[in-house]
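Student: Following the hints, complete the assembly by docking chain B onto the known chain A.
Residue-level listing of the chains:
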Amino acid sequence: MGHYEAPIREAIIVGDKTYHDVTVDVAAPIEGKANKNWWIAFTIALIAMLWGFGAIAYTIGTGIGVWGLNNKINWAWDITNFVWWIGIGHAGTLISAVLLLFRQKWRMGINRSAEAMTIFAVFQAGLFPLIHMGRIWNGFYTLPIPNQLGSLWVNFNSPLLWDVFAISTYLSVSLVFWWTGLLPDFAMIRDRATKPFQKKIYSLLSFGWSGKAKDWQRFEEVSLVLAGLATPLVLSVHTIVSFDFATSVIPGWHSTVYPPYFVAGAVFSGFAMVQTLLLIMRKVSNLEAYITRVHIENMNKVILVTGGIVTVAYLSEFFVAWYTGSSYEDFTYLSWGAATGPYWWAFWALIICNSVIPQLLWFKKIRTNYIWTFIIAIFINIGMWFERFDIIVINLSRGHLPSTWAQFSPTFVDIGIFLGTFGFFFVLFLLYARTFPVIAQAEVKSILKSSGDNYKRARDAGEPSPKVTPPVIVVEEGTEPIVEIDSDAKTSSLLESLGTFDINTQQPDNLKKVKGIGPVMEKTLNQIGIYSFNQVSKMTSKEYDLLDSITDSFPGRAQRDDWAGQANKLKS
Amino acid sequence: MSSKIISALYDDDDVLLKAVKDVRAAHHHIEEVYTPFPVHGLDKAMGLEPTRLAITSFMFGITGLGFAIWFLNLIMIEDWPQNIGGKPSFSFAENSPAFVPILFEMTVFFAAHLMVITFYMRSKIWPFRNAENPDPRTTDDKFLMEVAVDGNESDLTSLLEKTGAIEITVNEKKH
Chain A
0 MGHYEAPIRE AIIVGDKTYH DVTVDVAAPI EGKANKNWWI AFTIALIAML
50 WGFGAIAYTI GTGIGVWGLN NKINWAWDIT NFVWWIGIGH AGTLISAVLL
100 LFRQKWRMGI NRSAEAMTIF AVFQAGLFPL IHMGRIWNGF YTLPIPNQLG
150 SLWVNFNSPL LWDVFAISTY LSVSLVFWWT GLLPDFAMIR DRATKPFQKK
200 IYSLLSFGWS GKAKDWQRFE EVSLVLAGLA TPLVLSVHTI VSFDFATSVI
250 PGWHSTVYPP YFVAGAVFSG FAMVQTLLLI MRKVSNLEAY ITRVHIENMN
300 KVILVTGGIV TVAYLSEFFV AWYTGSSYED FTYLSWGAAT GPYWWAFWAL
350 IICNSVIPQL LWFKKIRTNY IWTFIIAIFI NIGMWFERFD IIVINLSRGH
400 LPSTWAQFSP TFVDIGIFLG TFGFFFVLFL LYARTFPVIA QAEVKSILKS
450 SGDNYKRARD AGEPSPKVTP PVIVVEEGTE PIVEIDSDAK TSSLLESLGT
500 FDINTQQPDN LKKVKGIGPV MEKTLNQIGI YSFNQVSKMT SKEYDLLDSI
550 TDSFPGRAQR DDWAGQANKL KS
Chain B
0 MSSKIISALY DDDDVLLKAV KDVRAAHHHI EEVYTPFPVH GLDKAMGLEP
50 TRLAITSFMF GITGLGFAIW FLNLIMIEDW PQNIGGKPSF SFAENSPAFV
100 PILFEMTVFF AAHLMVITFY MRSKIWPFRN AENPDPRTTD DKFLMEVAVD
150 GNESDLTSLL EKTGAIEITV NEKKH
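One line per chain: the protein sequences are A and B, in this order. Quick note, the first sequence lines up with residues 0 to 571 if you use numbering that gives the first Met the number 0. Quick note, the second sequence lines up with residues 0 to 174 if you use numbering that gives the first Met the number 0.
Each hint can be trusted.
Only pairs whose alpha carbons sit at most 27 Å apart, straight line, appear in this in silico DSSO-like list of lysine-lysine:
hint	chain 1	residue 1	chain 2	residue 2
1	B	Lys161	A	Lys211
2	B	Lys3	A	Lys522
3	A	Lys512	A	Lys537
4	A	Lys198	B	Lys123
No lab work stands behind these hints, which were simulated from the structure alone.
In isolation and in its complexed conformation, chain A is listed as follows (with noise of 0.2 Å):
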């Protein structure tokens, strides 16, 4: 069969699906009316971007001075914020790249909205570099192209420039990987869709993909090596954005554990984020059946991996600062000082919230519990935005000499950047959730049959599997089927063991009516002599092995089917 998996292996698609109902379940948050809450959601994310767009256009308008920052504290909530993003940006590159490495089939459900929160995410992220700029216009210097200076290059020694590259090579691969997967299922609301304005603009989004073999085996080719390709990719885009901090000579900063801690915090980050909006959209969008315990669980466990090790690097940095001795380790973020300093709320709030509070997850109970991994989603976004918070203020705050000791207070114009981020993020996401198809369903319709909860259950019960479609009964035009019945012998022994019909004295009954009987083999069941479901309904594997060999049609498709348990209900 080449579908089997273990029994162990709970079923990651619940609810008895079938192929069309996969279509259809996709389909309908796009084919059906956004509801009330969906409308009020919508205006506050839509009023939280434009807020957020109208700071950033005063912070243009006027220069970074609207901004909280100061002398010493040169970078703090804009770099902070970006850090945020761009680390939940990585959870969707990990579930479909690294994921599709390991061959986990979870990550099918739920690999579609993790990708889209990641460009969603690293849009945001992208904002602050550029409106931290704050003479936005010279953007462009940050490239490698000639310019009016002459031929004053960018410096590509400098961790700032790798950040460049990095996270647009980051954000361009990710969604050329995202709207690839997206063909197929584009084509399906295209094939579906009723309206010719739908229709006109699902066609354009497909690309025009019809699905063709050679087409499948390319598209998997590439998805395979887009994930090689963005495994790496997704390590070092965090990795030098650690190099930020980690190349320069500011305590704290100057550190060799954060490419991997940062690497390992992202994906913390990334997953919580994850969480907290997949909770919610599979009730909203009725995606119950493909976004399960299971999946909620396993995410679960890869924020307890990625959470234990960022406390470890935690215990370690605070290990550090004190073992040095040095009296200017005692401020960094992760230190005595720092706990219990004038930040010390920002520390403790670090510590709580990412690494005790997460620890819960360790009781199955909890992690498999939508309204704990909810709220404890919440704090990990919190406490990872902490994170950076301290990393960037707390560092900052002390520096050398006490004379440059400072503190940090946001303006009205951070907050409303940030909130602003908040709304631009969630316009995007909510408009995604309305006209894209949220569940890779193509990449759902081929585990189906191995994860499935029906098939798994006939399997492991050792009965037929269920049809994977609903019948359909076609009446053809122009081709009439002619089944040539030539073995006699074995069609005589066949109806002795099911009994005789007389066609002349008994009404028929409508076989079709049996999952697995076409028009065709109808007829050729008709042409053996079988025409009741009292006949078929006595079919043990014997009288099957003698049909197929009869009819010589796709072997064992009336036991799988089960006709006669089917015929059996009928007749009644």
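Tutor: Chain B only, in chain A's frame:
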């Protein structure tokens, strides 16, 4: 060569796979198979050559790496060498550790994008292109096999019926 083509519609991927094998065993030419999702083993059953996109991706990656080496050398070493933070740019080799991130990113950038573009060009998928699947149900839950008629049409039809097709239609070839 006849100008007729027979389309057989299936409702199960396993049935389709078996049918493809049977039709090929009977020496008929399968023009195309349309499926709603990747059916594993279908390309082998149809006798399709393995795709070489991964190889092109490798070559594109090498190109990207070469391009990055060229422009980093031009910009940082030849055109305007600078002494940044006491770390002068005297030669490519001395500066190369700082170039590793860019070299890597450019390799990935070229390998990924040019491979995807090659895929789109080879499979002829791009905006404003019309879909070619003959039946809209093949993106939902049906599988369609197109077989060229070569010789006896009714033989082929009966063979397809035996393979478990739920619909069989005979069409004139469009091209």
